[in-house]
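Trainee: With chain A fixed as given, assemble chain B onto it according to the hints.
Number of protein chains: 2
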Amino acid sequence: MKALVFHGAKDIRYEDVETPSPKNGEVLVKVEAVSICGSDLAGYKGGNTMRVAPLIMGHEFAGVVAGLGEGVTTAKLGDKVGVYTNLFCGYCPACKAGLTNVCENRRIIGTTMPGGAYDGAMAEYLVAPVGKLLPLSGKRSFSEYALAEPLSTGLRAVRLAGDVKGKTVAVIGCGPIGLLTIMVLKHAGAKIIAAMDVVDKRLTMAMQCGATHTINSKDDVPAFTRQLTDGAGMDIVFDCVGAQATINLGADIVRLGGKVIWVGLAQPKIEFEFKHAAVKELTFQSVYLYITEMEEGLDLIESGDIDVKQIITSEYPMSEGPRIFAELASGNSDEIKVILKNE
Amino acid sequence: MKALVFHGAKDIRYEDVETPSPKNGEVLVKVEAVSICGSDLAGYKGGNTMRVAPLIMGHEFAGVVAGLGEGVTTAKLGDKVGVYTNLFCGYCPACKAGLTNVCENRRIIGTTMPGGAYDGAMAEYLVAPVGKLLPLSGKRSFSEYALAEPLSTGLRAVRLAGDVKGKTVAVIGCGPIGLLTIMVLKHAGAKIIAAMDVVDKRLTMAMQCGATHTINSKDDVPAFTRQLTDGAGMDIVFDCVGAQATINLGADIVRLGGKVIWVGLAQPKIEFEFKHAAVKELTFQSVYLYITEMEEGLDLIESGDIDVKQIITSEYPMSEGPRIFAELASGNSDEIKVILKNE
Numbered sequence: 001m002k003a004l005v006f007h008g009a010k011d012i013r014y015e016d017v018e019t020p021s022p023k024n025g026e027v028l029v030k031v032e033a034v035s036i037c038g039s040d041l042a043g044y045k046g047g048n049t050m051r052v053a054p055l056i057m058g059h060e061f062a063g064v065v066a067g068l069g070e071g072v073t074t075a076k077l078g079d080k081v082g083v084y085t086n087l088f089c090g091y092c093p094a095c096k097a098g099l100t101n102v103c104e105n106r107r108i109i110g111t112t113m114p115g116g117a118y119d120g121a122m123a124e125y126l127v128a129p130v131g132k133l134l135p136l137s138g139k140r141s142f143s144e145y146a147l148a149e150p151l152s153t154g155l156r157a158v159r160l161a162g163d164v165k166g167k168t169v170a171v172i173g174c175g176p177i178g179l180l181t182i183m184v185l186k187h188a189g190a191k192i193i194a195a196m197d198v199v200d201k202r203l204t205m206a207m208q209c210g211a212t213h214t215i216n217s218k219d220d221v222p223a224f225t226r227q228l229t230d231g232a233g234m235d236i237v238f239d240c241v242g243a244q245a246t247i248n249l250g251a252d253i254v255r256l257g258g259k260v261i262w263v264g265l266a267q268p269k270i271e272f273e274f275k276h277a278a279v280k281e282l283t284f285q286s287v288y289l290y291i292t293e294m295e296e297g298l299d300l301i302e303s304g305d306i307d308v309k310q311i312i313t314s315e316y317p318m319s320e321g322p323r324i325f326a327e328l329a330s331g332n333s334d335e336i337k338v339i340l341k342n343e
Numbered sequence: 001m002k003a004l005v006f007h008g009a010k011d012i013r014y015e016d017v018e019t020p021s022p023k024n025g026e027v028l029v030k031v032e033a034v035s036i037c038g039s040d041l042a043g044y045k046g047g048n049t050m051r052v053a054p055l056i057m058g059h060e061f062a063g064v065v066a067g068l069g070e071g072v073t074t075a076k077l078g079d080k081v082g083v084y085t086n087l088f089c090g091y092c093p094a095c096k097a098g099l100t101n102v103c104e105n106r107r108i109i110g111t112t113m114p115g116g117a118y119d120g121a122m123a124e125y126l127v128a129p130v131g132k133l134l135p136l137s138g139k140r141s142f143s144e145y146a147l148a149e150p151l152s153t154g155l156r157a158v159r160l161a162g163d164v165k166g167k168t169v170a171v172i173g174c175g176p177i178g179l180l181t182i183m184v185l186k187h188a189g190a191k192i193i194a195a196m197d198v199v200d201k202r203l204t205m206a207m208q209c210g211a212t213h214t215i216n217s218k219d220d221v222p223a224f225t226r227q228l229t230d231g232a233g234m235d236i237v238f239d240c241v242g243a244q245a246t247i248n249l250g251a252d253i254v255r256l257g258g259k260v261i262w263v264g265l266a267q268p269k270i271e272f273e274f275k276h277a278a279v280k281e282l283t284f285q286s287v288y289l290y291i292t293e294m295e296e297g298l299d300l301i302e303s304g305d306i307d308v309k310q311i312i313t314s315e316y317p318m319s320e321g322p323r324i325f326a327e328l329a330s331g332n333s334d335e336i337k338v339i340l341k342n343e
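Line order of the protein sequences matches chains A and B. Residue numbers are given in our numbering: position 340 of the first sequence equals residue 340, and the series is strictly consecutive. Residue numbers are given in our numbering: position 4 of the second sequence equals residue 4, and the series is strictly consecutive.
So that you can see chain A by itself, here it is in the shape it has in the complex (with noise of 0.2 Å):
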C-alpha cells in the first residue's frame, strides 16, 4: 500500500510500504480521511518524542472496515468506523483509577509512546482493535467524522472546567483546538467568549464558531478582558496555546478564585509569575486526551449539535502529503485543518 512514512526531521515520503494484516481481535480499516494534527506537524519539525521515526503518523481519521482478523463477529467488512485511538492497558494505576487518558503504558494510534509505536492512519490503510472502534452513520463526511479526536480535547477541556453555563470565559489561541473549543463553549452555553490569537484571519473564523467578542493579543488583552467583565475579569480562561507568554496572561485575565484550563502544550519550561497566581486564589487545570469524550464528540457531530467542517480549510490527496507537511512547517500558512484523503 501507499502511506506517509515519517522518516526523520522534515522528512515525509509517499512510498510503498507492506499492508498491515489485521491479527486476532482486530480490524483491518481502509482511510477515507484523516486529518494533521499540530502535534504531527510539531514530531515533522523534529524533536518531539512522541514522533519517532519511523512512523506512519495520524490519529484524527474516520474509514471503512477491509479486512478481518481471526475472533471478529462485533464488526463486518463495509461498516464505516471512528477509532479510538488511545490503546490504553487498562491495568495500571491510572487505568484503575478510570483514568485512561494518562495511562502508563498507553498507546495511541499514529504515534511514539513510552508503551510502544502504533502506525497510524496516513496511509491507505491501517490496523485497529475490533474493541476500538466506533460505528458511524454515514450521513456526515468521513473528513467531518475525522475531526472528532480533536474535538474530544475541547469537551474534555470544558468539561474539567465545571460548569460553564452564563459564565464569562476567554480562549487564548485559534487554532483547531481553540476554535473546536469556542464551539464546545457556545453549545455548553457560556454567556462571553471573548477569543485571542496574533492572527486576525483566526479571530475571524473564531466568531464564525461562536465567539461573542475578538481581540488581537498583541493589544492590551487585560484592559479588555476587564471591560468586557465590569473589572472583575473572566471567570474561566482556556489557554489553547501553552507558551510563557499565554501562561502568564490567562493568571492575569483570569479573576480572582477563577480557573485557568490548560489545553495547549507548546512550550515544556517556562517562567511562571507565580505570585500572581498564589494571591489570586486561583485553580490551574491541564488537559490531556480523551476519556469518554471521543464518543460524545462524534454523536455531536452525527446530531449536527456541533459543525466541524467549519474549520476544514483544505482536502488533498495523500501523495500530496510531503508539500503540504513542508507548507505548513514553514509559518506561512493560513490553513487551519487540512484533510488528506487516499485517491
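A couple of the hints might just be wrong.
[Stated by the list, open to error] When the alpha-carbon atoms are kept at most 16 Å apart in a straight line, the in silico EDC-like pairs for lysine to aspartate or glutamate are as follows:
{"no.": "1", "chain 1": "B", "residue 1": "186", "chain 2": "B", "residue 2": "305"}
{"no.": "2", "chain 1": "A", "residue 1": "186", "chain 2": "A", "residue 2": "307"}
{"no.": "3", "chain 1": "B", "residue 1": "132", "chain 2": "B", "residue 2": "79"}
{"no.": "4", "chain 1": "B", "residue 1": "23", "chain 2": "B", "residue 2": "70"}
{"no.": "5", "chain 1": "A", "residue 1": "80", "chain 2": "A", "residue 2": "299"}
{"no.": "6", "chain 1": "A", "residue 1": "275", "chain 2": "B", "residue 2": "271"}
{"no.": "7", "chain 1": "A", "residue 1": "139", "chain 2": "A", "residue 2": "79"}
{"no.": "8", "chain 1": "B", "residue 1": "341", "chain 2": "B", "residue 2": "320"}
{"no.": "9", "chain 1": "B", "residue 1": "269", "chain 2": "A", "residue 2": "273"}
{"no.": "10", "chain 1": "B", "residue 1": "2", "chain 2": "B", "residue 2": "15"}
{"no.": "11", "chain 1": "A", "residue 1": "80", "chain 2": "A", "residue 2": "295"}
{"no.": "12", "chain 1": "A", "residue 1": "10", "chain 2": "A", "residue 2": "320"}
{"no.": "13", "chain 1": "A", "residue 1": "96", "chain 2": "B", "residue 2": "230"}
{"no.": "14", "chain 1": "B", "residue 1": "30", "chain 2": "B", "residue 2": "124"}
{"no.": "15", "chain 1": "A", "residue 1": "45", "chain 2": "A", "residue 2": "327"}
{"no.": "16", "chain 1": "A", "residue 1": "201", "chain 2": "A", "residue 2": "334"}
{"no.": "17", "chain 1": "B", "residue 1": "201", "chain 2": "B", "residue 2": "334"}
{"no.": "18", "chain 1": "B", "residue 1": "275", "chain 2": "A", "residue 2": "271"}
{"no.": "19", "chain 1": "A", "residue 1": "139", "chain 2": "A", "residue 2": "299"}
{"no.": "20", "chain 1": "A", "residue 1": "30", "chain 2": "A", "residue 2": "18"}
{"no.": "21", "chain 1": "B", "residue 1": "269", "chain 2": "A", "residue 2": "252"}
{"no.": "22", "chain 1": "B", "residue 1": "80", "chain 2": "B", "residue 2": "299"}
{"no.": "23", "chain 1": "A", "residue 1": "269", "chain 2": "B", "residue 2": "273"}
{"no.": "24", "chain 1": "A", "residue 1": "269", "chain 2": "B", "residue 2": "252"}
{"no.": "25", "chain 1": "B", "residue 1": "269", "chain 2": "A", "residue 2": "271"}
{"no.": "26", "chain 1": "A", "residue 1": "269", "chain 2": "B", "residue 2": "271"}
{"no.": "27", "chain 1": "B", "residue 1": "132", "chain 2": "B", "residue 2": "296"}
{"no.": "28", "chain 1": "A", "residue 1": "341", "chain 2": "A", "residue 2": "124"}
{"no.": "29", "chain 1": "B", "residue 1": "132", "chain 2": "B", "residue 2": "295"}
{"no.": "30", "chain 1": "B", "residue 1": "96", "chain 2": "A", "residue 2": "230"}
What the hints contain is simulated information worked out from the structure, not anything from laboratory work.
Mentor: Chain B in isolation, oriented as in the chain A frame:
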C-alpha cells in the same frame, strides 16, 4: 502604650506610641498573645510590599476587650476575643461572589495592603471593628487562640483539596503552616501523610503532629513516594513552601490526574516544568487567607480536636521583640512558633 514598631528593613523598635482610640463601632483590644508569622519575618527582612514602614505588625493574636467605641452593644469590657483580621470591603466583585478572602480593597490587621495600612497586635493595644470579634471561652491559653489564624490557612488548603479521607497526601515544608496542615489532614482522615523538609528536627515534629512518614527533602523524594504508593504517586500534594524546587517537586510526586495545593509563596517568579504538569492532567490550586476557616479553627482549638500548642516553641515578652526578630532572620534558629506577650 508600648509597641514593636517596624521602621524599615531589619529595624524593629520597642517604643512608646500613642494608644489608639476606638471609634464608632470599634473596640480597643488588649493584646494577650501575638504570634510571629513568616510573613512578618519577610516584612522585617525588607522589600515585602505587605509591610511598609512605619507599621505595627501582628495578625495572629488574641486578647481582651479593654475599651468600647460609640454605639458598641455586642461586646463588653473583659470579653476574651479573637479577631477576624480580614477587613474586606463587601462590595467588590470578589466580595459579591463570596470570595472575601481575595477582596480587592481588603485591609488586613497588621499589614500594608492596597486598601490601606492597619496597625496590628505587636503592641499593648489595637483597635478592631466590633463585628470582627470572635468570642473565646477562655478554656485554652491566649497563645493557642492566637494560632487560629495560621490554622485557618491549613483548613482552607485542605478544604480546597476536596475529600482527603483515605487519600495519600504529601506535605512539603514543615514550618508552622505545614505542621498545622498535617494536623488538619490527620483530623480529616488522610491515610498516608508523608512530610518533607530539609530540617530533620521539623520532621520529628511532623510525626508528633500526625505525619505517618517523613523524608528529608535532600534525599530521593520521588523514589520514596513511589514506594509509599505502589508506584502511583501521591493523590494530593500540599506545597507549604512555594519555591521553584518545591513547585516542580510537587508536580513530579503527585499521581497522574492528582492535585497539587499551593499553600506557600516563597518565590514570586519560578521556572516551571510545564510539560510535566500538562501531560499528567493535574489540578493546581492556590490558597489565599480564609473565609469561614478562622471561626472553624477556633472551634477546633476550643474543642481540643486540634492541639496547636505542639508547635509553640517559645514565649517571650514583647519587649524582646527586636532581639527575637533578629535571631529568626539570621536563619540559625530552631524555633517553629514564637509567641510574644505583654508584661
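Trainee: Determine which of the earlier numbered hints do not hold for this structure and return their numbers in increasing order.
Mentor: none
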